[in-house]
Amino acid sequence: MSEAYFPVGPGLGLEENFLSLDDILMSQEKLPGRAESSLPRLAFVLGQGAGTGDSIPEGTKLEIPLWLAKGLHDSKRRIISVELPKIYKEAWRTVFSADATVVDLHKLGPYYYGFGSQLLNFDNPENPEIAQTLLQTFISRFRRIMDSSQNAYNEDTSVLVARLDELERALFQAGQKGLNDFQCWEKGQASQITASSLVQNYGKRKFTEVDG
Amino acid sequence: MEPAEAEFLAEKELVTIVPNFSLDRIHLIGGDLGPFNPGLPVEVPVWLAINLKQRQKCRLIPPEWMDVAKLEEIREQERKEDTFTPMPSPYYMELTKLLLNYASDNIPKADEIRTLVKDTWDTRVAKLRLSADSFVRQQEAHAKLDNLTLMEINTTGTFLTQALDHMYKLRTNLQPGESSHSQDF
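Taken in sequence, the protein lines are chains A and B.
Residue numbering for the first sequence follows my numbering, beginning at 14 and increasing consecutively.
Residue numbering for the second sequence follows my numbering, beginning at 2 and increasing consecutively.
Bound-form chain B, shown alone:
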């Protein structure tokens, strides 16, 4: 999977916008949206919110967690604990990037938020690497990775699964006996 695909999935998340136009309920395969009334907040998927925002047809209300105080708390929590802490959204990285890129004028302290989220991300990735290393070192057979988000799994996923594949094969070499000789001369 590629980061762009993870981003695509994140675009299905709902955000609140305040439209400045009026439109009846629209019926789409994915569900009904609207109705849109000027000044009345309405929940729409991110892809629509961004599209409307780009055409300056709405004001975006950032998700509850996209707030400096809350993110600071999350960052501290993440640094304090050894395990992964639950994130406010399974797509926190993607949403931060999308919303800050297209609607930074509607989000207060956008730069601070960007840094905070990036810090949290770095902490989590470092943790992931640390646990991967101890996982390999102790030759564990399975691990539980709670609270990891798609994007995080995506960056180290291929590498880790490949490494574990190799390790598994090298480990099966340790058990001789049923060595199957397919060719006998």
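Bound conformation, chain A alone:
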């Protein structure tokens, strides 16, 4: 059954994909950082102080969303410095290289790959290692995703996708669609004409409620 709408995939690189909902959600993940100069009257904006006039002194620890960190980070004018979140640090990188399949990326991410790629924007000396770990993690988890998505027919997949990050979940869904379409055809259900999912969902929401 062809889909009513096609979601735009994540950019998964230095640049975000402007139209991707996943990337928008990913860009508000928090990043640990530190104020490199005092930031007058910004405490309220960054969620630190109560009053509108409070300022952030130099060296304060901050938790800033990625989109703001990208804007504020500048190697020439040192406004803030950004640290790596712990799952991209060396300790966790060792865990990923040991056995990436056991890690619960949904709990740690859930945008592990996208967020990790975005971290490469901040000129961190560990960038090559991070990029390498991201790639290796994807490769070693690939087999598990492929096998589970192509074999789980007519069963509850929530256990299978529980540990997957958002990117992997989309991949899992693609695999499931291939399998389901094939099984559907093999059982002869493909020749039955069904209502489009768009039409089926049409009656479920009353538009008066939305307008009011």
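Errors might be hidden in some of the hints.
List time: in silico DSSO-like cross-link candidates among lysine-lysine, alpha-carbon distance up to 27 Å [as the list claims (entries may be wrong)]:
hint : chain 1 : residue 1 : chain 2 : residue 2
1    : A       : Lys200    : B       : Lys71
2    : B       : Lys13     : A       : Lys200
3    : B       : Lys128    : A       : Lys190
4    : A       : Lys102    : A       : Lys120
5    : A       : Lys190    : B       : Lys110
6    : B       : Lys110    : A       : Lys200
7    : A       : Lys89     : A       : Lys43
8    : A       : Lys190    : B       : Lys119
9    : A       : Lys43     : A       : Lys120
10   : B       : Lys119    : A       : Lys200
11   : A       : Lys200    : B       : Lys145
12   : B       : Lys13     : B       : Lys71
Label-pair distances were calculated between CB atoms; the ranges are [what the hints assert, rightly or not]:
hint : chain 1 : residue 1 : chain 2 : residue 2 : range
13   : B       : Glu12     : A       : Lys99     : 53 to 59 Å
14   : A       : Gln149    : B       : Glu12     : 44 to 50 Å
15   : A       : Ser210    : B       : Lys58     : 35 to 41 Å
What the hints contain is simulated information worked out from the structure, not anything from laboratory work.
For clarity, every value in this text was computed on a predicted model and none was experimentally measured.
Ideal placement from N, C-alpha and C gives every residue a C-beta, glycine not left out.
Take the given structure of chain A and dock chain B to it, following the hints.
Relative to chain A, chain B alone:
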């Protein structure tokens, strides 16, 4: 692409039928068919064969390869070799399903054929998955997939291309340097 579309394409394949009516040559956009004479075998596309069969106007002669001995041989060959072996028809899965569903009374040992084809299919799909995994693991740039049929590509195609897309992007992250900063403050 959907399996139904692959099936649609398979319906253009030719099969032999023995009609029990007579009709002159018919001229269609896709080509001329017929003439049909009772008792004389004639080659027609699958879609017409099925239609005639459903109206009980013909007897279907199964394709040469749709035979237990031949399919057993194909299955063994497929299990023995590491690479994909050539299939008797590029639409073997679709044709088996179509012909067995609509004309099983004209095909001897229909159930055995069904199982054999399914076995072959399973072997091939397992092989496909295995090679996809080693392809990703070794980070190869290109692969040659000879003798794969449309339906087989169709089941894992979207998944595989999406995964390779992601992998390609993650791999380009490895080469820093030309990081383009579109916004400078």
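Problem set entry | Distance restraint between Lys119/B and Lys200/A, which requires alpha-carbon spacing of 27 Å or less | holds (13 Å)
For this session: For Gln149/A and Glu12/B, compare the CB-CB distance with the range 44 to 50 Å and indicate the outcome.
Result: holds (46 Å)
Exercise. Lys190/A and Lys119/B: Cα distance at most 27 Å?
Worked result: holds (20 Å)
Exercise. Between Lys200/A and Lys71/B, is the straight-line Cα distance small enough, at 27 Å or below?
Worked result: The given pair, whose Cα atoms are some 25 Å apart, holds under the 27 Å limit.
Exercise. Can the restraint linking Lys13/B and Lys71/B be considered satisfied, given a maximum Cα separation of 27 Å?
Worked result: At roughly 23 Å apart (the allowed maximum being 27 Å), Lys71/B and Lys13/B satisfy the hint.
For this session: Given the hint that Lys89/A pairs with Lys43/A, test it: the Cα-Cα distance must not exceed 27 Å.
Result: Holds - the C-alpha atoms of Lys43/A and Lys89/A are around 23 Å apart, at most 27 Å.
For this session: Compare the distance between the alpha carbons of Lys102/A and Lys120/A with 27 Å, and conclude whether the hinted pair is satisfied.
Result: holds (16 Å)
Exercise. Lys200/A and Lys145/B: Cα distance at most 27 Å?
Worked result: violated (31 Å)
For this session: Would you check the hint for Lys43/A and Lys120/A, treating anything up to 27 Å between C-alpha atoms as holding?
Result: The given pair, whose Cα atoms are some 14 Å apart, holds under the 27 Å limit.
Exercise. Is the hinted pair Lys190/A and Lys110/B satisfied, with a Cα-Cα distance of at most 27 Å?
Worked result: Violated - the C-alpha atoms of Lys110/B and Lys190/A are around 33 Å apart, more than 27 Å.
For this session: Verify the proposed pairing of Lys13/B with Lys200/A, using a straight-line Cα cut of 27 Å.
Result: holds (21 Å)
Exercise. Honestly, do Glu12/B and Lys99/A meet the 53 to 59 Å range at C-beta?
Worked result: holds (58 Å)
The structure fails hints 5, 11 (numbered hints given earlier, in ascending order).
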